[in-house]
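*Asks:* Heads up: the sequence lines are chains U and S, in that order.
Per my numbering, residue 1 is the first one in the first sequence, and the count goes up by one each step.
Per my numbering, residue 1 is the first one in the second sequence, and the count goes up by one each step.
Hints in this document: simulated from the structure, not taken from any laboratory.
Heads up, a few of these hints could be off.
Over 10 Å on every C-beta distance to chain U, these chain S residues come out as not near it, computed from the model [claimed, not checked]:
hint, residue
1, Leu18
2, Ser86
3, His115
4, Trp116
5, Ala147
6, Gly205
7, Leu206
8, Arg235
9, Phe246
Some, not all, of what chain S presents toward chain U, calculated at C-beta under 8 Å [what the hints assert, rightly or not]:
hint, residue
10, Asn133
11, Ser152
12, Glu160
13, Ser161
14, Glu196
15, Thr200
16, Thr203
17, Ile204
18, Tyr211
19, Met213
These figures come from a predicted structure and were not determined experimentally.
For every residue, glycine included, the Cβ atom is placed at its ideal position computed from N, Cα and C.
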Amino acid sequence: MSLVINSLDVYYGKVQILREISLKVDHGSITALIGPNGSGKTTLLKTISGILRPMKGSIKYEDKEIVGLQPHEIVELGIIHVPEGRRLFPYLTVYENLLLGSYNKKARERFKDNLERILTIFPILKERLHQKAGTLSGGEQQMLAIARALMAEPRLLLIDEPSLGLAPKIIDTVYEHIKTLKESEKITILLAEQNAAKAFEVSDYVYVLETGRVVREGKAVELIQDEEIRKVYLGI
Amino acid sequence: MFKIENIKRDIDLMIILLTILLLLIMPLVYNNYFFLNALFLASLYMISSTAWNIMGGFTGLISFGHAAFFGIGAYTLALSYNNGLSPWIGIWLGGAIASLFALIISFPLLRLRGHWFALATIAVGEALKLFFNNWDYVGAARGVELARKEYSFAWIYFIESIYYNYVAVLILVISIFIMFLIIRGRIGYYLQSIRESEETTMTIGLNPFKYKMIAMVLSGFFTGVAGALYAIRYRYIDPFSVMDLFISVQICLIAIVGGVYSFAGPLLGALIVTPIAEYTRALIGGAYGARFFGLHLLIYGVILLILSLYAPGGLMDVLKRFLRGRYR
Chain U
1 MSLVINSLDV
11 YYGKVQILRE
21 ISLKVDHGSI
31 TALIGPNGSG
41 KTTLLKTISG
51 ILRPMKGSIK
61 YEDKEIVGLQ
71 PHEIVELGII
81 HVPEGRRLFP
91 YLTVYENLLL
101 GSYNKKARER
111 FKDNLERILT
121 IFPILKERLH
131 QKAGTLSGGE
141 QQMLAIARAL
151 MAEPRLLLID
161 EPSLGLAPKI
171 IDTVYEHIKT
181 LKESEKITIL
191 LAEQNAAKAF
201 EVSDYVYVLE
211 TGRVVREGKA
221 VELIQDEEIR
231 KVYLGI
Chain S
1 MFKIENIKRD
11 IDLMIILLTI
21 LLLLIMPLVY
31 NNYFFLNALF
41 LASLYMISST
51 AWNIMGGFTG
61 LISFGHAAFF
71 GIGAYTLALS
81 YNNGLSPWIG
91 IWLGGAIASL
101 FALIISFPLL
111 RLRGHWFALA
121 TIAVGEALKL
131 FFNNWDYVGA
141 ARGVELARKE
151 YSFAWIYFIE
161 SIYYNYVAVL
171 ILVISIFIMF
181 LIIRGRIGYY
191 LQSIRESEET
201 TMTIGLNPFK
211 YKMIAMVLSG
221 FFTGVAGALY
231 AIRYRYIDPF
241 SVMDLFISVQ
251 ICLIAIVGGV
261 YSFAGPLLGA
271 LIVTPIAEYT
281 RALIGGAYGA
291 RFFGLHLLIY
301 GVILLILSLY
311 APGGLMDVLK
321 RFLRGRYR
């Protein structure tokens with residue numbers, strides 16, 4: 001198991017956001033968190049990457065407890081978070097964004113090799129290398145956000161809403177890339193997604209969140225057969 | 001970085017070089033005591049406002065308490081000078097002590113965000129001023145006068161004030177050069193990334209606290225150096241002349257007027273604001289007992305108002321737009 005979360009409770013002030021969340025992410029798999037707005041997907045990812053602190057519960061990454069570590073220590077373990085809404089540094093160029101991605105020491109030493117490899121995965125970024133990140137299209141920005149995360153040499157990638165605000169065709173391209181990461185780069189991926197159809201299509205295992213609880217879980221191929229899931233999340 | 005074609009394309013570097021050239025030539029062209037003094041003050045503010053800009057512009061930490069660093073630099077130089085230390089070491093020692101102070105206050109201050117950080121810096125600056133005002137070892141409200149030494153380059157003690165200008169230019173060149181290399185290097189990117197989104201910098205594994213601290217220490221260091229230069233030139237300091245809130249305001253105002261998002265903005269700001277400030281102060285009022293005391297502050301206000309309406313990005317922004325219009 002790459003990531004094991006056990007009965008996690010997270011609060012914003014006095015408001016409880018996550019209740020008794022337990023989940024597992026397998027090595028080399030794509031695991032999806034689906035659920036409506038405010039169900040706690042983003043909160044869960046932020047808690048894993050150390051930006052938020054849980055009130056109780058444990059998060060084990062490769063058998064090591066990571067609750068209580070600082071975000072930058074968690075990054076050094078190889079868990080990289082691609083935040084929601086892309087969150088690039090808009091006034092820096094694409095190149096500079098990628099440079100910032102390779103912040104940690106190990107990744108910094110291999111910056112040149114990594115850059116070359118990642119630009120072959122995302123050729124569009126190569127054309128835009130010296131453009132300000134804020135001038136890219138939505139899809140390009142999402143790819144840059146993922147590429148920036150890859151520069152840090154992740155072993156577990158947390159991707160928050162990669163489809164947010166993108167046209168259907170662009171969403172397909174972004175997910176093509178995400179699948180490539182799993183297959184050729186051997187990166188384990190946990191993604192939060194409102195677009196349930198897309199999430200079921202690419203992922204191996206799916207957790208359904210509602211108001212901070214895991215209400216259903218299962219292999220994507222099995223869960224998609226479920227009547228209720230089809231009705232509520234896929235509209236069929 | 002330093003090839004001719006690159007310099008031509010790099011507006012910041014161009015302005016740095018032109019400013020230094022101007023500071024070198026102008027004292028020879030127009031050797032007037034009052035003008036030399038204005039130029040000297042301009043060089044001081046160039047160092048301290050550029051240092052302020054490392055925090056305020058690049059990292060997004062707005063400080064209204066830089067007079068604290070400035071004053072510590074000035075006091076360090078004055079006391080070490082009187083105890084027989086060479087001012088050539090004392091200037092950098094002033095920076096070092098100021099940066100040590102920055103390091104210490106960064107722990108409580110960096111727990112605060114946005115407006116609260118800015119307010120707290122005012123408190124630190126004012127508290128330190130009052131503390132020095134009552135601290136007997138540093139002369140309390142009487143201040144410190146620099147001991148008389150023989151007139152010499154070694155003691156930075158001259159009859160002709162023009163020499164002070166060249167000492168200031170020398171220190172300016174070293175300080176600006178170091179800050180330029182830092183801001184254009186890795187650390188500069190890290191600081192800007194914190195300004196743009198602190199949460200995102202966490203997701204790439206950077207510890208924002210550490211780099212905000214580095215920004216404060218660097219900023220404190222060079223502001224302290226500027227303070228030390230003040231002390232060596234005017235040879236008398238007291239808490240109200242080197243630690244007053246007005247100095248903090250002046251330092252950040254120059255940076256903002258010049259343009260905070262570019263490295264050379266504060267240089268441009270100091271070059272234009274300081275002479276205006278000095279001449280209005282002397283000619284229309286401000287000097288104690290003058291007829292229109294405070295009028296120069298009014299003029300300041302008007303300049304600030306005009307700039308915020310027509311050039312919110314500062315003079316640097318105006319210049320960039322002008323150049324783009326002409327050459328493209």
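*Asks:* If a hint holds in the structure, say so; if it doesn't, say that too.
*Replies:* Hints, verified against the model:
no. : hint   : result
1   : Leu18  : holds, 25 Å
2   : Ser86  : holds, 40 Å
3   : His115 : holds, 20 Å
4   : Trp116 : holds, 18 Å
5   : Ala147 : holds, 49 Å
6   : Gly205 : violated, 3 Å
7   : Leu206 : violated, 5 Å
8   : Arg235 : holds, 44 Å
9   : Phe246 : holds, 32 Å
10  : Asn133 : violated, 40 Å
11  : Ser152 : violated, 48 Å
12  : Glu160 : violated, 46 Å
13  : Ser161 : violated, 42 Å
14  : Glu196 : holds, 5 Å
15  : Thr200 : holds, 4 Å
16  : Thr203 : holds, 4 Å
17  : Ile204 : holds, 5 Å
18  : Tyr211 : violated, 10 Å
19  : Met213 : violated, 14 Å
In terms of the numbered hints stated before, the structure departs from hints 6, 7, 10, 11, 12, 13, 18, 19, listed from lowest to highest.
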